[in-house]
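Engineer: First to last, the protein sequences are chains R and Y.
Going by full-length UniProt numbering, 148 is the number at position 148 of the first sequence; the sequence numbering is gapless.
Going by full-length UniProt numbering, 263 is the number at position 263 of the second sequence; the sequence numbering is gapless.
Source of the hints: derived by calculation from the structure; they are not laboratory data.
Mixed in with the good hints there might be a few duds.
Computed far set for chain R versus chain Y, every beta-carbon distance over 10 Å [unchecked claim]:
no., residue
1, 12
2, 88
3, 405
Restraint ranges, calculated between C-beta atoms of paired labels, are given here [unchecked claim]:
no., chain 1, residue 1, chain 2, residue 2, range
4, Y, 427, R, 125, 52 to 62 Å
5, R, 350, Y, 434, 47 to 57 Å
6, R, 27, Y, 36, 41 to 51 Å
C-beta atoms are modelled at their ideal positions from N, C-alpha and C, and glycine is treated no differently.
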Amino acid sequence: MAEFSTPTTEQQFAENFAQLKPVMNRTEALYESSRCLFCFDAPCIKACPSGIDIPQFIRQINSGNDTGAARTIYEANYFGNACGKVCPTEVLCEGACVYNLQEVKPIEIGRLQSFATTKVIKSGEKLFGPGADNGKKVAVIGAGPAGISAACELRSLGYGVDIYEAKAQPSGLTVYGVAPYKITNEETLAEMAYLQAQFGYNVHFNSAISSREELEKLEDKYDAIFLGIGLGKTNELGLPGEDKINCTGAVEFIAELRQHHHEVAVGRKVIVLGGGNTAMDAASESSRLGAENVILAYRRAKEEMGAYEFEYDLAKGVGVKGLFNVAPVEITGNGYVTGVKFIRTETKDGKVSEIAGSEFVEPCDMVIKATGQAKQTEFLGLIPGLKLDGKGRIIANAHTGQTSNPKYFASGDAWNGGAEVVNAAAEAKLTARGIHAYLSK
Amino acid sequence: MPDLSINFAGIKSPNPFWLASAPPTNSGYQVMKAFDAGWGGAVWKTLGVPVVNVSSRYGGVNYRDKRLVGFNNIELISDRPLSHNLREIEEVKKRFPNHAVIASLMVQSRQEWHDIVRASQDAGVDGFELNFGCPHGMCERGMGSAVGQEPKVLQMIVEWVMEVAQKPVIVKLTPNISDITEPALAARRGGADAISLINTIQSIVGVDLDKFAPYPIVDGKGTNGGYCGPAVKPIALNMVKNCAQHPDIKLPISGIGGIENWRDAVEHILLGASSVQVCTAAMHFGFGIIREMTSGLEQYMMEKGFNTIYDMVGKALPNVLHWEDLNMKYKVTANINEDKCIGCQLCYTACEDGAHQAIKLNAGTRVPEIIEENCVGCNLCSLVCPVEQCITMEQTDSGTEHLTWKERTEAGTAPTEFEDEKAGGRHHWVPEPSAALGKERHKTLPGKARIINGETTVPAEA
């Protein structure tokens, strides 16, 4: 028997993918907020990439000022609700909570955050609005955490903002890439609708910007262009048999899953290649979709995985098995995937080497490659004078987000190489101010 | 096992825990249930001419997620016919002959007092408690605290009662008075056998922020009530001590006020009470709390080697002095246990803003450091520290010197002038006032993302 039975209805899907951080009710929020010590110069604030004044909003919740709490959160981070739910709080704010040092459960900061933000999202209470029109316009490419955050901040500074988004929905990986048990589509989109209603930016969906001509039009029409384009498709491994049916990229698999839920089919035995957080997500998700066996195959040792420990624990908790020190050499099969041929590896002085003659085939009927996303270097090459670093990341000023083409600014994964929603949200706020400083000269 | 039984001014009880005169003792049903659960005695809800009560009677004070750290009520004395109460008292006494049933009484005229004392005696009560404490409603009619605040009236009524009482008489005192010993002395002069204290404190427990009315709200309005619950224990303890230490009162004391567990009870007893009364805790958690109270009391007595309650009554009294008799040579300073410190820095900010700037922060660690020469040994840091035994106050004087304020005054070494060199803070370092400005980390900035990628957004003028 599989750990989970294959979900066939929306309700079964919701059960298999039950929220890890369900929204608190008022009583729970009162109890939890009561535990906060109100540390001086609180470590949780420092651990938050967006610098939310956490003890302040917790104190506001505790004294019944939930709206004020939401304001505190959104003033620092426009993805307040999403971050409360999808942030790796275990290694950020909650990981920094001083209670950990006393072996007491840290404050559930993420859930308290979502408690406050959910409340204003539901009520639609107006907390913010656009600033006085300053007559200038900014184009934002990509409606992900970076693009939306930049749009909100720019609107509050009085800019006209048009967002161009290739996909049909806003929030980027929040709705297309995060595991469904971290946040629901409804929750994600409700926050996006709330922000748009508050700030009034325009979003053009299904409007990919992909040619030089399109960029030229934007350059003519706008005073500055914000690049919030994120990363591209899953990296090709260059293995024989990679084109076989049921060999897919994790990013593509998860995007399908987020949009089509239980209608997405998974193999009976799934091998996930990779050791990062996306690999953990894909493995967990396969199991929750009813796969009987899910193997997480990583080319180095367990301790060397890039994934957070709690993410691996989460995968193990739903029956995922680890297979370490193995490198894939071929996807076997005849049309459909039938297995992965691995070779065993060993790590010596930090270097991985293959052990000759140790090949074996692990049978499976689905392979998910979670081996990183490609950079969008081809597109970025269309921007005159835009410099990338050796890893294909946009080079930009650390304080202003301005790229080597002064009209272009960047934030998020395309700049940082791939990080959390909270990083993109924090960077974009900073970059929006950088755009403002540049256009105010 | 230690013997928990008491003989309180002639009222015998299997243990010192009595239910105070209040809603939990409104009926024979409740009192029997309480005795069955383990309570030693009950002071019946005050008997008198039955009243009419309002709807919406209680208000609470919550602290964060803790409910009812304070409680108040605007309920009056019993609203049940006297004969019903007396019949039930009789029934309870038949069923529980060894438990203490005390009739709380409140009437007006001498004749009424005589009548109700006799009627209660006939019903079999073990004693009386004269309610001279109720601070709401009844006092407006010249009873309750209106009596307790007038020692002469109090004494006169006690004398009326003593004319017919054949059972011990306890006088219940109101704390709504500047010196509790005055009505206590009046009770003694009137011939009372014991006193009980404190009754509730006149209070408004809160104001509804939408209705602009005090709690509890009766049709949009409210009135002051009587305050009780855990929050009043410190006031009660001080008043119990005052009565217990007074050389002329010399009456058994039934301690009332904020008693919720065995510790609270022991504190009352150590300061001179020889029975204790409980109300709010029973209203909050039910009669079942008695199990923890008796078990805790027994355990404590065993550990301390006390065989009876009387081995501990007033045991802390010799250590409660006037301020002027405290040893000024005694000196403690704070000590932070670095292994236990979790780095919340509450001690730092408390000392910085609320005390003597005797704690500093050092780069590279969240563990604060005590500036010993600035530490006056006030305890504040150890009080705010959330970790048990992390900040301890260590004695730093030799322990051989002893000098009190009284002695200094007598010796003429106490400061007497505005610029006196002998003032305690004369050579104590304090920072320059202007050093207070520009301390960004000391402010709770209004929700702005304060630091992003090392860049601070603090405005220049801050």
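Engineer: Hint by hint, say whether it matches the structure.
Structural biologist: Now the hints, each set against the structure:
1. With 10 Å as the threshold on Cβ separation, the claim that residue 12/R sits away from chain Y holds: the shortest Cβ distance comes to roughly 36 Å.
2. Distance check for residue 88/R against chain Y: the nearest CB is about 18 Å away, which clears 10 Å, and the non-interface claim stands.
3. Every Cβ of chain Y is farther than 10 Å from the Cβ of residue 405/R; the closest lies at roughly 21 Å, confirming the non-interface assignment.
4. The hinted window of 52 to 62 Å between residue 427/Y and residue 125/R holds, with their beta carbons roughly 56 Å apart.
5. The hinted window of 47 to 57 Å between residue 350/R and residue 434/Y holds, with their beta carbons roughly 54 Å apart.
6. In this structure, residue 27/R and residue 36/Y break the distance hint of 41 to 51 Å, their C-beta atoms being roughly 33 Å apart.
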